[in-house]
Structures are given as C-alpha cells and as structure tokens.
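Trainee: Sequence:
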Amino acid sequence: MPTVEELYRNYGILADATETAGQHKDAYQAILDGVKGGAKEKRLAAQFIPKFFKHFPELADSAINAQLDLCEDEDVSIRRQAIKELPQFATGDNLPRVADILTQLLQKLLSNVLKARLQTFKIICLFSQILQGEDIVRERAIKFLSTKLKTLPEEVLTKEVEEFILTESKKVLEDVTGEEFVLFMKILSGLKSLQTVSGRQQLVELVAEQADLEQTFNPTDPDCVDRLLQCTRQAVPLFSKNVHSTKFVTYFCEHVLPNLGSLTTPVEGVDIQLEVLKLLAEMSSFCGDMEKLESNLKKLFDKLLEYMPLPPEEAENGENASSEEPKLQFSYVECLLYSFHQLGRKLPDFLTAKLNAEKLKDFKIRLQYFARGLQVYIRQLRLALQGKTGEALKTEENKIKVVALKITNNINVLIKDLFHIPPSYKSTVTLSWKPVQKADASQKRTSEDTTSSSPPKKASAGPKRDARQIYNPPSGKYSSNLGSFSYEQRGGFRGGRGRGWGGRGNRSRGRIY
Numbered sequence: 064m065p066t067v068e069e070l071y072r073n074y075g076i077l078a079d080a081t082e083t084a085g086q087h088k089d090a091y092q093a094i095l096d097g098v099k100g101g102a103k104e105k106r107l108a109a110q111f112i113p114k115f116f117k118h119f120p121e122l123a124d125s126a127i128n129a130q131l132d133l134c135e136d137e138d139v140s141i142r143r144q145a146i147k148e149l150p151q152f153a154t155g156d157n158l159p160r161v162a163d164i165l166t167q168l169l170q171k172l173l174s175n176v177l178k179a180r181l182q183t184f185k186i187i188c189l190f191s192q193i194l195q196g197e198d199i200v201r202e203r204a205i206k207f208l209s210t211k212l213k214t215l216p217e218e219v220l221t222k223e224v225e226e227f228i229l230t231e232s233k234k235v236l237e238d239v240t241g242e243e244f245v246l247f248m249k250i251l252s253g254l255k256s257l258q259t260v261s262g263r264q265q266l267v268e269l270v271a272e273q274a275d276l277e278q279t280f281n282p283t284d285p286d287c288v289d290r291l292l293q294c295t296r297q298a299v300p301l302f303s304k305n306v307h308s309t310k311f312v313t314y315f316c317e318h319v320l321p322n323l324g325s326l327t328t329p330v331e332g333v334d335i336q337l338e339v340l341k342l343l344a345e346m347s348s349f350c351g352d353m354e355k356l357e358s359n360l361k362k363l364f365d366k367l368l369e370y371m372p373l374p375p376e377e378a379e380n381g382e383n384a385s386s387e388e389p390k391l392q393f394s395y396v397e398c399l400l401y402s403f404h405q406l407g408r409k410l411p412d413f414l415t416a417k418l419n420a421e422k423l424k425d426f427k428i429r430l431q432y433f434a435r436g437l438q439v440y441i442r443q444l445r446l447a448l449q450g451k452t453g454e455a456l457k458t459e460e461n462k463i464k465v466v467a468l469k470i471t472n473n474i475n476v477l478i479k480d481l482f483h484i485p486p487s488y489k490s491t492v493t494l495s496w497k498p499v500q501k502a503d504a505s506q507k508r509t510s511e512d513t514t515s516s517s518p519p520k521k522a523s524a525g526p527k528r529d530a531r532q533i534y535n536p537p538s539g540k541y542s543s544n545l546g547s548f549s550y551e552q553r554g555g556f557r558g559g560r561g562r563g564w565g566g567r568g569n570r571s572r573g574r575i576y
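Using our numbering, the letters of the sequence shown map in sequence onto residues 64 to 576.
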C-alpha cells in the first residue's frame, strides 16, 4: 500500500506528464492501491483517481470499483469526497453505469439525511417536553433522552446537535431535582465535544454553578448538604491534572470542614462526615494553585488533630490514669492525612516554618502514638487474613478486614513521610476505597515493606511510655460503610419546588429520601 508521500509523488508524475499521462500506468495503479491505506491515503485517492481517470481506459473498471469502495467507507468525510467526484467517471460507455450508481447512492444518502433530521427533530421535541411538560411527561422524556443518545450514530450527533443539547440542558438545569441533575450530567459527559479538556472544564463550571459555591453554607440544612455532596460527586470524575478541583477544595476547607460535626442529612445510616472527608481526599490530588493555601492548610491541620489523640496520661504506678484508651478513627484519619499530604506538597515548610515549636512537638507526639497503635492493628489484620484466599476473602467480615488493612497501610506510609526531617511529601498511596492502579504497584510494595516498623525514635518529642501499655491496643474504628457511597442511588434533593434545590418555583416536584 502506498504512503501519502508516494501518492503525492505519483500524482506529480501524472500531472507533469499532462496529455501523455497514460504512459505511466504504474503510477496510476499505485494511486488506485491507495484505497487500501489509512484515512489520509483514502482521502487523497478519492481526489486523484477521478482526476486522471480519462487517461487509463483499460483501468476503467478498476478505477470505478476503487472509487465505489471509497463511497462506502466508514469515514463520513471520505464518503462525501468520493461521492462528490463520481460524476467525473460518467463518460462514454461508463455513463449509464455511473448514473445508475450515483442515483442509488444519492437515494441512500437522502434516506440517511432524512433519518438524521428526524432524530434531530425528536431531540428538539424531547427538550420541549422536558422544559414545558407535566411531571410525568418530563420524567419520561428525560429518561428516554438519556437512553436514546447512547444509540445515535455520529451522523446524527453532529457538533451542531451536541451544542444544541448543551444549550438546552443548561436551561433545564436551572430547575432540576437531584435525580434529574445526575441524569443530565451523564448525558452531557457522554457527548463527544465535551470529552476534551476544555469540555470537561466546562462541565466542572456547570456543576460548580449548580452547587452554589458562592452561597453561604448551612450545615444544618439537609438540602444544602445533599446538594453540595451530590454536585461534588458529579464533579470528581471530571478532575484531572489539567482540570483542577481548586474551587471545590477551597470551599470544603473554608466552609465545610469547620462545620463537619454539624452536618445533617436525611439519609439514615450514612456517616455524612466520612463521606465529606472522602470527597475532599479524592479532590485534593487535583487541586491547583490555591489563593489562601496556608489558611486552608491550617484548617485541615486543625481538623486532623481532632482525630489524632494524645497518649493517655500515666498514673504514678505507670498504668494509664484513664480507664479507656482513646479511639483511633482510621477511616477519618486516612482521608484527612491524605488531603493534608496532598495540599502540604504545595507548602512544604508548613509544619516547620508556619507552626510554633510547641505545636509541632504536640503533633509529633500524636503521630507517634497513632503510628504505634497502628502497628498493632496491622499485625492483627495480617494475622486474621493469613492463608485466606479466594472465596474466604469474599465474606463480609474479611472484605472489611482487607479494606481496613489498606487504610492502615496508607496511614502508615503517610505518617512516615511526615516524620522525615524536614517532613516529606513524596510518597504516593491509593485511597482504600479506590481501585489500585498498575502504576501504584511499586508503592504498594513500599507500603507493605514499611508497615512493620514504627517511625524513627529520634523524632519522638514526648516521654517514653511503657511498651506493655502501648501494645495493649487502643480501641480503633473503621467505618462500616467502607465502600464509596453514591448519592445518585438515593433519589434527588428536596426543595421548595423540589427540582430547584431551594425553591425556584411554586409547584412541588420534590423527591424526598
């Protein structure tokens, strides 16, 4: 098969030969062979074959068949080019044949165009029903639209049609329920024109607008909390190294973290605080330059301290003065420590230059106490899972233990980073509820290799404690909801109009959890 360069070279030979082009049969045959090449070769062949057709009557059948192959190509642009050039073959004895072929192709093309126009008209009608129809009509139209768009061919979903869908979707999103919002985000995320970096950025801005990040956050309003979390859930898959999560991370640090304990949700049995921390951890990896980085890092640090207890006070006999050991909430700490580690990379001297000596000493004591208790749990979990494979690991109890081991390994790796002098932010871990990527294999080995030792002793700033007391493991806590929670499984938001997240209308379309 000839390359693009060879096609141009043979074209030059024939073009330079002018009226004696018929003497260069090999050059024309090479152009005919271009129909077997890639898209670029086919486009050139579609133009070159008819141009020199008249000089090679002995190759007429081969030339026409080659052009017809291009007329049936999968690439729309190649088909159009090939069909456009067909009339140049309609000479002499070839006229009836080419005319018949052209008629059939035009009928087929017209049929496809009409079908495409009909599908486009259906989309227009669906949006009309969504915007103006009654509740039941609107609901059916949205579900039909979300299903129908997946089956439409490229000829129907043109750039213009996708722009229309985006424009109309923005109108619909001015007044939607949570369930409708999720459906429309799936529709828009599937559009080809929004698969680019700029397209994803546009979707993030659309979600940010829905989340009302400029408004005051009310942690005691279930609708306000649900709205924020559901919108954030839709935004998380869109973030990347080129599409930053800065606006969302900033909002979580400034408005949500300080009110973490006051969050309310109408969904029973959900640890709303943990869900918030999970979202923050997932977004922190893609945070760009933050305007108030030090201030927000301080808020994150203060919240982390709440879940990193100090060692219990000792009585004169060396026993714990308190009858209970502090509870170590590993799931919370994993999220907070990971987020702090990610944002800390942007201000690596935060712990050494932004905190006073007493504060840093206090943090080191908390880290070491947590890390030593962590080792107990890692050993217990490994012992419990030792020798278990296949079906044995699929029981609910063992699934929780497997995830718990991931959590404790992650915390252990991150704590070791912070014990470096100065603190390091180089290690990478995969969050316990996320699938492990192949790229993380080396880090996974590092994590497993480092879980058997405590942080360096020289980093300890507190008094030595009796090993017997430390290794009487403090009570730990893993969330029973260790998987990734998805709000889209639980209905929509409530509001004055229901589909307006806070009363954008008078009629109730609400979906209560």
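There's no promise every hint is true.
Restricting the straight-line Cα-Cα distance to at most 27 Å, the calculated cross-link-like pairs of lysine-lysine (DSS-like) are [unchecked claim]:
| # | residue 1 | residue 2 |
| --- | --- | --- |
| 1 | 249 | 310 |
| 2 | 409 | 361 |
| 3 | 233 | 213 |
| 4 | 462 | 497 |
| 5 | 390 | 409 |
| 6 | 103 | 222 |
| 7 | 361 | 304 |
| 8 | 114 | 147 |
| 9 | 310 | 390 |
| 10 | 99 | 88 |
| 11 | 103 | 147 |
| 12 | 361 | 464 |
| 13 | 249 | 222 |
| 14 | 417 | 361 |
| 15 | 462 | 390 |
| 16 | 310 | 464 |
If you are wondering where the hints come from, they were derived from the structure by calculation, not from laboratory data.
Trainee: It remains to establish, for every hint, whether it holds in the given structure.
Mentor: Hints, verified against the model:
{"no.": "1", "hint": "249 - 310", "verdict": "holds, 22 Å"}
{"no.": "2", "hint": "409 - 361", "verdict": "holds, 13 Å"}
{"no.": "3", "hint": "233 - 213", "verdict": "holds, 19 Å"}
{"no.": "4", "hint": "462 - 497", "verdict": "holds, 14 Å"}
{"no.": "5", "hint": "390 - 409", "verdict": "violated, 31 Å"}
{"no.": "6", "hint": "103 - 222", "verdict": "holds, 22 Å"}
{"no.": "7", "hint": "361 - 304", "verdict": "holds, 24 Å"}
{"no.": "8", "hint": "114 - 147", "verdict": "holds, 12 Å"}
{"no.": "9", "hint": "310 - 390", "verdict": "violated, 33 Å"}
{"no.": "10", "hint": "99 - 88", "verdict": "holds, 18 Å"}
{"no.": "11", "hint": "103 - 147", "verdict": "holds, 17 Å"}
{"no.": "12", "hint": "361 - 464", "verdict": "violated, 32 Å"}
{"no.": "13", "hint": "249 - 222", "verdict": "holds, 18 Å"}
{"no.": "14", "hint": "417 - 361", "verdict": "holds, 9 Å"}
{"no.": "15", "hint": "462 - 390", "verdict": "holds, 22 Å"}
{"no.": "16", "hint": "310 - 464", "verdict": "violated, 35 Å"}
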